[in-house]
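Student: The chain contents come next:
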Amino acid sequence: MGCDVVTVSTDTKFTHLAWREHEKELAKVNYPMGSDPTGKVGRMFSVYDEGSGLTLRGTFIINPEGVLLGSEVNFYNLGRNIDEMMRKFKANIYLARKTNEACPSKWKDDGDKTLVNPGAKMVGKVHEALNG
Amino acid sequence: MCDCECACAEPLKLGQRVPDFELDTYEPTKGDFGKFSLAAQIEKKRWTIVFFYPADFTFV
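Protein chains in written order, with the working numbering: chain B, 13 to 144; chain L, 374 to 433.
Quick caveat, the hints were computed from the structure, so don't treat them as lab data. A hint or two may mislead.
Unchecked claim - Derived DSS-like pairs (lysine-lysine); straight-line CA-CA distance at most 25 Å:
1. B:K102 to B:K118
2. B:K120 to L:K403
3. L:K418 to B:K133
4. L:K417 to B:K36
5. B:K110 to B:K100
6. B:K52 to B:K36
7. L:K418 to L:K408
8. L:K403 to B:K40
9. B:K110 to L:K417
10. B:K40 to B:K118
11. B:K52 to L:K386
12. B:K120 to B:K100
13. B:K40 to L:K386
14. B:K125 to B:K137
15. B:K137 to B:K110
16. B:K120 to B:K102
17. B:K120 to L:K408
18. B:K100 to B:K40
19. L:K403 to L:K418
20. B:K36 to L:K418
21. B:K100 to L:K417
22. L:K386 to B:K100
23. B:K100 to B:K125
24. L:K417 to L:K403
25. L:K418 to B:K118
26. B:K125 to B:K110
27. B:K102 to B:K125
28. B:K110 to L:K418
29. B:K40 to B:K52
30. B:K118 to B:K137
31. B:K137 to B:K120
32. B:K110 to B:K133
33. B:K100 to L:K418
34. B:K118 to B:K133
35. B:K110 to L:K386
36. L:K408 to B:K52
37. L:K386 to L:K418
38. L:K386 to L:K417
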């Protein structure tokens, strides 16, 4: 897919090692685990909580040119939906190839209905464009 | 804006280039420590998902 995930918390790489090798739930998780103990990177993405020294549940999609294309932040007590994360990621990759299209909310995969050349002609006609 | 040592002066916005950043990592596939940087990702022409969470030993 040409994509790398890096997970980030303010824990040290030593703690990452201990957690990864101890917690059986993580046995199949192979992403590099980034350490941001000063919160420098978390601040850049506006997810670092100065009060707690922790980072909120933020997910960011960056294209191969280094441009930020997706951003989602949940508070501490709400986990993320990985299916929705992957939907948005796949849509971003699709849209990088098809620059004259837009993916509507129900888009999931290559082959699903898209909006082609959204513009003045589509104003008031989105229903027809999606169902025509 | 803040007086900390941020890599950026203003919050990031969608459509903007992300300033380079680097992280020390633990690499489960190698069982060893490593580095992750956005510059290396750009050089390799790879997409990146940065996935923040509050703390080790909690749910994701």
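Student: Find the hints from earlier in the document that the structure breaks and name them by number, from lowest to highest.
Tutor: As far as the earlier hints go, 2, 3, 4, 6, 10, 13, 17, 20, 25 and 29 are violated by this structure, in ascending order.
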